[in-house]
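Chains as they are written, first to last, in the numbering used here: chain A, 30 to 285; chain B, 459 to 860.
Fair warning: there could be bad hints in the mix.
As the list claims (entries may be wrong) - The following label-pair restraints were derived from C-beta to C-beta distances: (1) His61/A x Leu469/B: 39 to 45 Å; (2) Asn755/B x Ile263/A: 53 to 59 Å; (3) His779/B x Glu151/A: 21 to 27 Å; (4) Arg146/A x Trp817/B: 51 to 57 Å; (5) Leu469/B x Arg88/A: 29 to 35 Å; (6) His779/B x Gly204/A: 31 to 37 Å; (7) Lys279/A x His779/B: 42 to 48 Å; (8) Leu271/A x Asp778/B: 44 to 50 Å; (9) Leu461/B x Leu269/A: 48 to 54 Å; (10) Asp778/B x Tyr43/A: 19 to 25 Å; (11) Asp778/B x Gly204/A: 26 to 32 Å; (12) Arg254/A x His779/B: 42 to 48 Å; (13) Arg88/A x Leu461/B: 25 to 31 Å.
What the hints assert, rightly or not - Covered, in the sense of this in silico footprint (three residues per stretch, anywhere, with C-beta under 8 Å from a C-beta of chain B), are these stretches of chain A: (14) 127-135; (15) 196-210.
To be clear, the hints were calculated from the coordinates, so they are not data collected in a lab.
Yeah, the Cβ is synthetic: ideal placement off N, Cα and C, and Gly gets one too.
Below are the chains, spelled out letter by letter.
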Amino acid sequence: MPPVVQLQDIHRIYANGEVQVHAVRGISLDIHKGEFIAIMGASGSGKSTLMNTLGCLDRPTGGRYLLDGVDVSNLGRNERANIRNQKLGFVFQGFNLLARTSALENVELPMLYAPRRISSQEMRERAMHALEIVGLARRHDHLPNQLSGGQQQRVAIARALVNRPQILLADEPTGNLDSKTSVEVMGVFQKLNDEGITIVMVTHELDIAHYCKRNLIVRDGVIVRDELVKDRLIAGEELLKLHQAEAAAKLTAASP
Amino acid sequence: MRLVATTVIALRALRRNKMRSVLTALGMIIGVGAVIALVSIGNGAKLQVEASVASLGQNVISVYPGSVSTSGARGGWGSASTLTPDDALAIQREIAGVVAVSPETRDRAQVLANGLNWNTTVFGESPDFTSIRAWDLSEGAMFTEADVRSAAKIAVIGQTIADQVFPGSAPVGQTLRIRNIPFKVVGVLRSKGFNYFGTDQDDAVIVPYTSAMRRIARRTTVNTLLIQALAPEQMFRIQQETTDLLQQRRAGRDPDFTVRNQLELAQVATANARNMTALLGAIASVSLIVGGIGIMNIMLVSVTERTREIGIRLAIGAHDHDIRLQFLLEAMVLSLMGGALGILLGVGASQLVAQLNGWPTLVSMPAVIGAFLFSGAVGILFGFYPAHKAAQLDPIEALRFE
Ligand SMILES: Nc1ncnc2c1ncn2[C@@H]1O[C@H](COP(=O)(O)OP(=O)(O)OP(=O)(O)O)[C@@H](O)[C@H]1O
Ligand SMILES: [Mg+2]
Chain A
30 MPPVVQLQDI HRIYANGEVQ VHAVRGISLD IHKGEFIAIM GASGSGKSTL MNTLGCLDRP
90 TGGRYLLDGV DVSNLGRNER ANIRNQKLGF VFQGFNLLAR TSALENVELP MLYAPRRISS
150 QEMRERAMHA LEIVGLARRH DHLPNQLSGG QQQRVAIARA LVNRPQILLA DEPTGNLDSK
210 TSVEVMGVFQ KLNDEGITIV MVTHELDIAH YCKRNLIVRD GVIVRDELVK DRLIAGEELL
270 KLHQAEAAAK LTAASP
Chain B
459 MRLVATTVIA LRALRRNKMR SVLTALGMII GVGAVIALVS IGNGAKLQVE ASVASLGQNV
519 ISVYPGSVST SGARGGWGSA STLTPDDALA IQREIAGVVA VSPETRDRAQ VLANGLNWNT
579 TVFGESPDFT SIRAWDLSEG AMFTEADVRS AAKIAVIGQT IADQVFPGSA PVGQTLRIRN
639 IPFKVVGVLR SKGFNYFGTD QDDAVIVPYT SAMRRIARRT TVNTLLIQAL APEQMFRIQQ
699 ETTDLLQQRR AGRDPDFTVR NQLELAQVAT ANARNMTALL GAIASVSLIV GGIGIMNIML
759 VSVTERTREI GIRLAIGAHD HDIRLQFLLE AMVLSLMGGA LGILLGVGAS QLVAQLNGWP
819 TLVSMPAVIG AFLFSGAVGI LFGFYPAHKA AQLDPIEALR FE
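Only chain B is shown next, with the shape it has when bound in the complex:
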């Protein structure tokens, strides 16, 4: 095989028809560009999901009210909570590896200060809250165990509350009226933004759970128990022991609670994101195949159109495999060139999307390499039939072709 010479021949043939070459490669350019852009967007989304799952806290196990077993009609989550602060204390006391616990209450409430009011969620928590949710304060300090014992009228507020109710002034030290009861603001939480589910995490007021239960909502049960494990490896064991302990404390009754751990949620969420990336990639791959068919189409047309050229080459001494190799190389150069330009287009497009929409994107190296190799394979696959057809022409008949 005259590989070098045939490469020269193929490149010369492509150069002779610049416009046709570019148009032929266009399908490949768009196909590869689409794969890379969509996979980058998908990867960016996956990163974001992982970040927001992490923002839920560290090594967190949550207990929600509600039945998991079936016996008659079941209420929705939280329909009949039997979780109490005593359950939380028991968990902390009896289960090894639990570093922090917070019985959480959630109540919608109107808050008011300086004549400005705002409807928000008031969370009753223990002081462990900041550790469990991995959430620092930007100003002031968290309330203490003593504040919980005395059901103190003390609050820590989220950034959204600081912006809405205390615009232009430092909130720490000021009074915030919750359902018209005056609470003293002692701290402001660092801004956390929106979570995976799209709620504004900063739109919150945190008070001791005792204050929430006795002063604001007058309730005896809590909405959720938040439990923090020492290390991720212990989470499944603690989840199991928590289930057992709570079951034992409700001797004889159906289980009316569900214990979830954060790893499960993280796994589901990242699996969803990964599936979405795969789906986007698969859709874009279809356009790669369409691009390949476009190349085959043009190559077939060009075999007919270039019959005379092929006749001249054969008459002058080309072997049939020289012609086959030439057309195969032309198809491959077109698709690889399309692949290379497509990579530039894809990277550019994902950067543009990142800039215009503020979506995070991540150009993945495997996707780039994969798309490039795939485009080469498409060139061989779809170039083969036209090349074979060209190589089989008879020199005299090809020369006579009009």
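For reference, chain A alone in the conformation it holds in the complex:
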């Protein structure tokens, strides 16, 4: 089977202002269906730039990007919008939910921009289903400011999932979360990956990268390491351990 994503010698030069910033300097990468990749690297190494290219939000200044065998590097603004809507799901670093809008309506948003019209009945059902996947169906009518950070991130994941994308892209999805909530989010990702969705995410944390199957390290706009994760962590087990540790801590604290 051909790879879903093929990057061939991708370059991205930011040329606004006096100095040019060469943020991505020739990255080639194949991603196959069902992969679960973590991209790591120092701040400013070009991870977000690479993700924006993968997410069709940005156009590379050089190289070719084949998505499903189709060259998308030279598509127009609205064609790329359609690809973002249909084939890709993007989870942004800062959640980026619409304020004063219920979780359900936030999740419905991508369906409102679908090329084919979707009935409001179907929209609601699909949005509820996506919220169930991330375990938030009961809070569908909550506004973002009534949800915790982890819950908001899960709404953002549900929104990325609702149009059934082939690839889920997440730029530092656990960046603003505490370690336990981060593990919960990784649990959601592992479940989705087990169901066949390809996932690419950026992270700064080494232990979070251990929940993925393949790790890439980027430095100064090039991939310097590309390896499979050997002793992969399973979120379910780690959560269980955390719970037991908490319970034990409570017991010892309670005993005189």
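Given the coordinates of chain A, assemble chain B with the ligands onto it according to the supplied hints.
Relative to chain A, chain B with the ligands alone:
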């Protein structure tokens, strides 16, 4: 274009910011309300003017003393009347289509009865007066041709005189002293109220013109000739023939009279009222434009304020025309909603004015429809620039915007 979906999106966005939406629409509400209220008041005034012009009588042509041509110094109206009852008789005799004529005299006089006195205008008229001025009697009867011939001491009084001089009693049959000469009251005119010029039409005593000329004022000329035409179509012809006839009767002299017909007056008066309505409407339209600029202002601010939201929408798959349509629809919904509420406000305000001030108002359907359509147009016009600005944002930059 995803019209249905975008409408849902726009409505959701407005609902999310109820307060801002209402404040934005406020300019439109007040603008449309002002247009409708002012045009209603103007229309009411026009109706009132038409009613009071009609109260001057039916198909009336009037002859006033005074020169229209210029030769040396001219006096004011009525400065040197040469109009006589004989002129009136000649007009009635010689001009076709004249159904009634009254040589009118006007004299201020003190009237007295039951120890109560009152200063009023005494009109000398022919019995045709009631027909010419379309003015019925509420009690008694008009004096007759025979009373004119005998210069009878008989009077018909207006309602104001009845109220002031005969309070609480029936005036018909009683004696009214005019400049101390006793006249017998034979009738009371139905109340007509104030006319276009603001004078109380009921403050009047009507006597035969012969009695006025011989007994009260001792005069040989009259102030005005009132002529009634059979039909409105004949008025301009009769006006011309009256001019010719009177000119001929004053052979060789400069014309010292003016002939006016009621249609002219009605036309001038209604044109004035119409101009006033248009002026009020124009002034109020300015507030519509101000309301539109208010909408544009808020929409522009909200494009900046909502940059992140726009970034999210674009990142999730919105096309640029989806964003443009959304902001355009938001502006249009705001202004149309403002227009609809403004119509309610305008109708309410004109009703209130009618109640509080007793002014007549007439809500005009064209004004309502026009104001509503105009508010929609304003929404498109002033929503376009902000919408265009929003649609041109770059998704990544918009997302990064703080
Ligand atoms: N819009 C832009 N204009 C100019 N330079 C940019 C722009 N976006 C990013 N850069 C530059 O490109 C380089 C890579 O930036 P990028 O955001 O991809 O880094 P990153 O690896 O995501 O860093 P971080 O871990 O801090 O998020 C940086 O040097 C940055 O300053
Ligand atoms: Mg980054």
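Status of each hint after checking the structure:
Look at His61/A against Leu469/B: about 43 Å separates their beta carbons, and that is inside 39 to 45 Å. Range check, Asn755/B to Ile263/A: Cβ separation about 56 Å, and the 53 to 59 Å hint holds. For His779/B and Glu151/A, the hinted distance range of 21 to 27 Å is satisfied, since their beta carbons lie about 24 Å from each other. Separated by about 53 Å at the C-beta atoms, Arg146/A and Trp817/B satisfy the suggested range of 51 to 57 Å.
Judged by the Cβ atoms, the range 29 to 35 Å given for Leu469/B and Arg88/A holds: they are separated by roughly 34 Å. About 34 Å separates the C-beta atoms of His779/B and Gly204/A, a value consistent with the hinted range of 31 to 37 Å. The hinted range of 42 to 48 Å is not satisfied by Lys279/A and His779/B, whose Cβ atoms lie roughly 58 Å apart. For the hinted restraint 44 to 50 Å between Leu271/A and Asp778/B, the CB-CB distance of approximately 46 Å keeps it satisfied.
At about 51 Å, the beta-carbon gap between Leu461/B and Leu269/A stays in the expected band of 48 to 54 Å. Asp778/B and Tyr43/A have their C-beta atoms about 22 Å apart, which keeps the hinted 19 to 25 Å range intact. Take Asp778/B and Gly204/A: their Cβ atoms lie about 30 Å apart, and the range 26 to 32 Å holds. At roughly 44 Å, the beta carbons of Arg254/A and His779/B sit within the given window of 42 to 48 Å.
Evaluation of the 25 to 31 Å hint for Arg88/A and Leu461/B yields a pass: the beta carbon distance comes to about 29 Å. As drawn, the segment 127-135 of chain A meets chain B at 5 residues by the rule of a beta-carbon pair under 8 Å; at three or more, the given contact holds. Here's how the segment 196-210 of chain A fares: 0 of its residues keep a CB closer than 8 Å to some CB of chain B, so the rule of at least three is not met and the hint is violated.
This entry does not satisfy hints 7, 15, going by the numbered hints stated previously.
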